[in-house]
Amino acid sequence: MTPFIKARRITLTFSPKNRPPVTALQDFSLDVAKGEFVSIVGPSGCGKSTFLNILLGLIKPDSGEIQLNGAPITGPSQERAMVFQEFGLLPWRTVKANVELGLELKGVPSNERSARASKLIELVGLRGFEQHYPHELSGGMKQRVGLARALATEPEVLLMDEPFAALDAQTRDLMQAELLQIWQRTQKTVVFVTHSIEEAAYLSDRVIVMTARPGRTKDILRIELPRPRDYEMRLTPEFNEIKSRVWGVLKEELSSRE
Amino acid sequence: MKVKRYYAEHRRLVLGLLSVISFIVGWEFLLTYVFPLNPFFLTKPSLVAVAFNEQVIRGALWRDLAVSSRAFLWGFSFAVLLGIPIGALMGWRRRVEYTFDAFFTALYASPLVALAPLIIVVFGVGLLAKSALVFLLSVFPFIFNTFAGVRSTDRLLINVVRSFGGTEKDLYFKVIFPSTLPYIVAGARIALGRGLVGIIVGEFYAASEGIGFAISRFGDTYRLPEMFAAILVLMIAAVILTEGLRKLEMLLAPWRSTLETR
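Chains as they are written, first to last, in the numbering used here: chain L, 1 to 258; chain X, 1 to 262.
Keep in mind the hints are simulated off the structure, nothing from the lab. These numbers were taken from a predicted model, which means no experiment stands behind them. A few of these clues could be false.
[As the list claims (entries may be wrong)] Keeping only pairs whose Cα atoms sit at most 30 Å apart, straight-line, the calculated DSS-like set for lysine-lysine is: (1) L:K243 / L:K60; (2) L:K251 / L:K96; (3) L:K106 / X:K169; (4) X:K247 / L:K96; (5) X:K2 / L:K60; (6) L:K119 / X:K169; (7) L:K6 / L:K243; (8) L:K106 / L:K34; (9) X:K169 / L:K17; (10) L:K243 / L:K34; (11) L:K96 / L:K119; (12) L:K218 / L:K251; (13) X:K169 / L:K96.
[Claimed, not checked] Which bits of chain X does chain L cover? Going by a derived footprint, with three or more residues having C-beta under 8 Å, they are: (14) 124-137; (15) 168-176.
Note that the Cβ used here is the ideal one computed from N, Cα and C, for glycine as well.
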């Protein structure tokens with residue numbers, strides 16, 4: 001069976017002006033099954049965000065193969081949507097207009113856009129805030145808008161680039177729990193990049209640990225915890241054992257650098 | 001208590017009015033009781049008010065204002081119509097930026113009113129010369145602010161729109177233009193002040209009508225109350241235009257309305 005997302009020997013080197021070239025990814029390979037929740041952790045600058053941007057179609061790798069559902073990824077497409085770390089909301093648009101962005105770019109008629117946006121705003125718990133502007137929202141609410149916007153185009157793959165990194169600890173816990181609920185309801189395939197081992201372990205079916213730059217796969221850990229998962233589960237010895245296993249793998253990469 | 005609460009709620013208005021009124025009353029008081037008034041060199045608010053009233057009733061000042069406005073409108077409109085596209089092109093294409101930046105910066109930094117005599121020689125006395133001077137003075141804020149706005153467009157937002165399959169046209173209309181708009185309006189406020197200087201200087205040099213001409217004629221003939229009345233008309237027009245732009249900014253950029261922009 002061919003995997004849903006298939007990345008083979010992806011290599012990408014950035015060549016910034018007046019600076020030595022940087023190899024962000026080196027022969028990085030990854031398979032993701034349909035409906036799977038996969039997290040990528042790794043040291044800063046290991047190319048995990050770069051990989052998401054390649055999956056999104058915004059960056060082309062120098063070499064390697066990248067496919068979704070058997071077809072090569074050549075550019076952005078609405079079958080993949082990204083939730084950005086810094087939210088990326090258009091400040092001149094209301095919550096509703098932000099959620100409608102993808103549909104608008106696709107040419108969906110306005111009454112249908114409006115109906116779908118309302119449904120998603122409800123799903124992420126922002127009913128009543130449709131006409132608010134982003135600057136009137138808290139960080140957590142902004143990221144809910146980001147999530148609703150990504151889901152609005154009904155993508156098959158949800159790409160999340162440290163989506164909760166800019167939030168405070170409690171909001172973060174809350175958003176993780178809600179993301180799991182939404183994931184369970186919508187059955188999306190999720191590729192989630194994070195710095196937090198705890199977050200990766202709590203959310204994912206598998207955690208990919210990347211090496212320091214140039215990034216390649218260091219290890220893949222399957223998280224054998226029952227679903228649905230709840231907050232209490234994070235207090236169990238099993239969960240802590242998983243965390244320390246991930247940490248054990250990641251630690252070698254961090255210490256080899258500093 | 002009531003007075004206190006009113007003050008707390010309308011501090012801005014109260015203090016602003018107070019300073020204007022104190023200035024006028026102080027001026028009147030000084031020239032009535034402290035120094036004897038020599039009407040050749042000085043005047044006082046009460047006399048200005050009388051002159052203003054007379055001029056307004058006779059309608060002369062409004063006619064002058066209308067004459068000046070026409071030139072201003074022509075010059076300013078051309079500044080908008082040319083300045084914004086030029087600035088946008090400079091923002092989008094490095095080539096265009098590098099070509100024009102040094103040249104425009106030199107022109108923007110120089111006191112271009114110095115060119116007024118030349119412009120009048122070339123375009124003659126009248127509407128065309130004045131419009132050209134207004135244009136020359138007010139086009140650069142539009143160019144540079146549009147340029148800065150386009151250049152400071154958030155890359156993240158560009159990537160967001162691209163990631164949802166947005167075309168280049170979508171980038172221009174859904175990201176770059178809306179994010180540049182507040183810069184343009186801010187530029188318009190600077191351009192407004194410079195354009196007013198342009199019209200007045202133009203009319204100082206060579207004109208037979210217009211607000212600037214009225215100011216210089218009354219000044220030359222020692223009719224100071226009338227001169228100040230003309231200046232007052234100019235001030236009122238300038239305040240109305242500036243406030244209008246502020247309102248326009250709030251209308252065009254409601255997401256910024258909670259930020260204090262001045």
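Can you name, in rising order, the numbers of the hints this structure does not satisfy?
-> 1, 2, 5, 14
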